Amino acid sequence: MTDHDDIDMLAAEYVLGPLEADERAEVAQRREHDTDLDARIHAWEARLAPLGDEVRTVAPGPDLLARIERRLDELETTSRTKPEPEADASGTAQLIVLRRRLGFWRGSTALATAAALVLAVLLLAPLGESPQEPPFVAVFQQDDQQPAFMLSVDLDSRRLDVRPVTAKPLPDRTYQLWIKADSLGPKPRSVGVLNDDLSLPADALSDYDSDLLKQATFGISIEPPGGSPTGQPTGRAIHGYLYPTDRDAVSHHL
Amino acid sequence: MSNASRLSATPQDDSSSTSSASGDRLHDLLLRVTQSDRRAFAQLYEATSAKLYGTVLRILKEQGRTDDVVQEAYVTIWQKATQFEAERASPIAWMVAIARHAAIDELRRQPRAPHESEDTLSHMAADTPSAREHIEYEQDARRLHACLEELETDRQDMVRLAYLDGWSRADLATYFEQPVNTVKTWLHRALKQLKGCLAP
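Keeping their order, the protein sequence lines are chains A and B.
The numbering of the first sequence is the working numbering, which starts it at 78 and goes up by one.
The numbering of the second sequence is the working numbering, which starts it at 691 and goes up by one.
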């Protein structure tokens, strides 16, 4: 059997469903950066989808929609950065703007090929007066479960800190951080290729002023060694979700 | 917005029993959901929840767990609507896939007691003919069913039990009284045969 056959069978088995939990988790993780596998999974989903017509439809209980909507409310609430009530209205507005911006980001990478792009959003909110207050944090997620990277930025000093959460160095691949903002034009701009220990110099954002950083979105893509050969992220976009910096809400979320 | 143009690409025919007109409507609703439109989300839920709920309930067989998984599936749909790609799947197929994978993951996390799986096959067999009447006009569905018919009966059953009921290799091995590796080999052959049969 060739490697292609193996990958295709893995995709087929994943879609069909008989894999065990650990195998399923592995495939779900791998498809995020393996575009060949991901494409094969999509192809198998399409092949087998008509089997789903054999399922009898069952109307859920009348309360389920309200439950789901409450859950969405909770998620949006915990996604806001500021616990103060006066920040609520603008927090919600910012969240909606950010959601839209994510779509914009994705659209701009739609033409790119290969590898996966993990997108994230920099939480934007004015820094508090207290220097003790934590900086704002973006979480880069490879799937719904696992944050891959966290990026924190101190808007005053424009210093950044990227750290892997579950992301591991990949053989023959590098991670590259990108910034995108309206004032930079439609295309993402490279912030830098992550070092072997998955770090970046703290001053990598020093060219950008804090107003721009507040408006920007960030992405991490998986690229060949040395970074993207095209100067643009080469990948399918996966968007990240907003996380607050206060500990309770974060642990609730993760 | 470029995202909008992606979403407005020609949607494929629905592979479910939904007509393609309602497929277009789902497509519009999903597009509005990417703009955080809660009303559109509620309409999307009304139009699709019976399908998703039926899919998950068939796998989990238990209302409480089904409620939880369907809830999380719709949260995922809300969050990932921007990832929907019309050129790869119909809206309903994309949504069902999210719910089905969530249900299988939940089942693997906490498997059903073994005796509960035993009446599944008869339940499944009873479902098949009536459901197939609905989709006879669907070309993709007809082709898949024709290709399934070419498989040996045991292997057809294995494919259905895995896909529709979420059975693991171990469940299938117990039921068919075969070693797990044999089940794996049979499934591989069945899947390759299906792929070959479906190839244009």
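One thing to keep in mind: the hints can contain errors.
Said to hold, decoys possible - Which stretches of chain B does chain A cover? Using the computed rule of at least three CB atoms under 8 Å from a CB of chain A, they are:
| # | stretch |
| --- | --- |
| 1 | 766 to 779 |
| 2 | 842 to 852 |
Said to hold, decoys possible - Now the stretches of chain A that chain B is said to cover, found in silico as 3 or more residues with beta-carbon under 8 Å:
| # | stretch |
| --- | --- |
| 3 | 82 to 90 |
| 4 | 279 to 287 |
I should point out that these hints are in silico values taken from the structure, not numbers from a laboratory.
The structure presented is a predicted model; accordingly, all values stated were derived computationally and were not measured.
The C-beta atom is built at its ideal place from N, Cα and C for all residues, glycine as well.
The stretch 279 to 287 of chain A covered by chain B? Criterion: 3 or more residues, Cβ-Cβ distance below 8 Å. violated (count 0)
Is the coverage entry for the stretch 82 to 90 of chain A by chain B consistent with the three-residue Cβ rule at 8 Å? holds (count 4)
For the stretch 766 to 779 of chain B, do three or more residues have a beta carbon lying closer than 8 Å to a beta carbon of chain A? Since three or more residues must qualify, the claim that chain A covers the stretch 766 to 779 of chain B holds, with 8 doing so at under 8 Å.
The stretch 842 to 852 of chain B covered by chain A? Criterion: 3 or more residues, Cβ-Cβ distance below 8 Å. holds (count 3)
Hint compliance for this structure: hint 4 is the single one not met.
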